[in-house]
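Enquirer: One-letter residues, chain by chain:
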Amino acid sequence: MEAHSSEVFVIGLTVFFLACIIGYYVVWSVTPALHSPLMGVTNAISSVIIVGAILAAGPQGFDTSKIFGLIGVVLASVNIFGGFLVTYRMLSMFKKKTKKTKEKE
Amino acid sequence: MSSNMVAILYLISALLFIFALRGLSHPESSRTGNIFGIIGMIIAVFTTLMFKSVLSYYEIGAAILIGGAIGSFIALRIEMTALPQLVAAFHSLVGLAAVFVAAAAFYDPVAFNIGKVGSIKVASLIEMSIGTFIGAITFSGSVLAFGKLQGTISGKPIVFKFQHLINALIFLLIIFLIIFFVVNQSPTIFWTIVFVSILLGFLVVIPIGGADMPVVVSMLNSYSGWAACGIGFTLSNNLLIITGALVGASGAILSYIMSKGMNRSIINVVLGGFGGEQDTSVSKDNSDKIVKQGNAEDAAYIMKNADSVIIVPGYGMAVAQAQHALREMGDILKKEGIEVRYAIHPVAGRMPGHMNVLLAEANVPYEEVLELDEINHDFPMTEVSFVIGANDVTNPAAKTDESSPIFGMPILDVEKSQSVLFVKRSMATGYSGVDNELFYRDNTTMLFGDAKKMCEDIVKSLSA
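These protein sequence lines are chains U and F, in that order.
Residues in the first sequence are numbered consecutively from 1, following our numbering.
Residues in the second sequence are numbered consecutively from 1, following our numbering.
Derived from the structure by calculation, the hints contain no laboratory data.
All of these numbers come straight from a predicted model, not from anything done at the bench.
All residues carry an ideal CB built from backbone N, CA and C; glycine is no exception.
Every clue listed holds true.
Stretches of chain U that chain F covers, calculated by requiring three or more beta carbons in the stretch to come under 8 Å of a beta carbon on chain F:
#: 1; region: 32-41
#: 2; region: 55-61
#: 3; region: 78-90
The calculated DSSO-like cross-link candidates involving lysine-lysine, where the alpha carbons are at most 27 Å apart (straight line), are:
#: 4; chain 1: F; residue 1: Lys334; chain 2: U; residue 2: Lys95
#: 5; chain 1: F; residue 1: Lys335; chain 2: U; residue 2: Lys95
#: 6; chain 1: F; residue 1: Lys452; chain 2: U; residue 2: Lys95
Please take these sequences and the hints and turn them into a complete structure.
Expert: Here it is as structure tokens:
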């Protein structure tokens, strides 16, 4: 593992650039009307950083690293729940209209 | 669980995140997209909990419950008009979380397989400090943006001498600190990087004015993604790298769209100082010009006798919470057989898509809400433009007056419709500090007052 650290980095870099390109095309396809929910969702998923926080908080016992990890878990959880819920609220408002207009039609 | 299994589960989670964004291409598919995102997150969290080194389920569970409860409480209670500051606040948390994860990795590198205390791999140290740097900037920048949006701090740009020089020097200092940190791995330097970056975050957002906030909020969105990326590189975790890149790209594109909507470069917005205190060609003497003033009954009369009305909402509508009253007005007009549509400028409001969400909240069907490109050519065929709480985005000076600070900005061509109704609190200039010549035209009627009250009064007159 240690010997291949440059290899790991290059793989990471490959993934990074490909993901940027996917992000570019996917985000341009988002309709402008939904740009606020887009921010809500991206905010929620960027909190996937919780993965790192859980690893830090994982070991038993208490040390500095674990406390930092737990704080990270709390902060990221606020975002995950908050981000997805507020997006859900926004999107359900857009949903309501669809139903209503369909009923009218 | 084998490391291959972990990698595959993380991959599934990353794919679900991509589908979550993809779903937003249409309101119909967006809710499914959001559910994909939630499933992706659940998979990511549970996969990580399955790691052999992760043992303290109770503590982690409690932390998730605490955070989740706070997040849910806020998300369910928040008013839709307060959305921009909520998003800014959430960004600050992502930034702070990134700092804490980096700190945890620094204090316990063994848990992340990046070396031992005092002899962490160089690459990891660089990635870690970059993640920390971006995370800390995101944190403090978002806190300040939150303050400006919430109104706790003045939305006016705060400009002082050598501002950009100071920022540049601080940035250089951070680079030196990072090099220093990589060499001697001292905790003191780590925390110095954190604090200096926090300072830089404040200084970067301080000169940016209130109405430029859509760009700032998008930019911070982007930063929070890059911070996650930096941590992803530190932990050699592809899921974090992919998600960070998606979020980073998303924020960058939104910033681009927003600054294009103002015909300014992102750099120009970031350097700040636009609007507010500047007194550019503001005072062309307009005191002798005549303003036609009307009341709710006049407005009701004008609209009742029209075939088509285009409503142009702006930040003022959000401030006055006028969206519901406005929709009621639109409904009555529609019942009269009048075509009612809404025109949204890309930078209307305080965050991308702000107006769309508010109108959706008020039950305006999204088919009636059109973007600038879609509706701009319809203004000449429209009888009445009803501008509510917007100003600069309708100012024809953007097309004609080369000396105007807003020259070149794409605007909604309300001046081409047969008559224009302006709901405004006063004759005050818009954010850019530029006077709007539309106010003085013969076919313009100014309706002074609170946007919500005005809509309610118009509704009363229409139903009378």
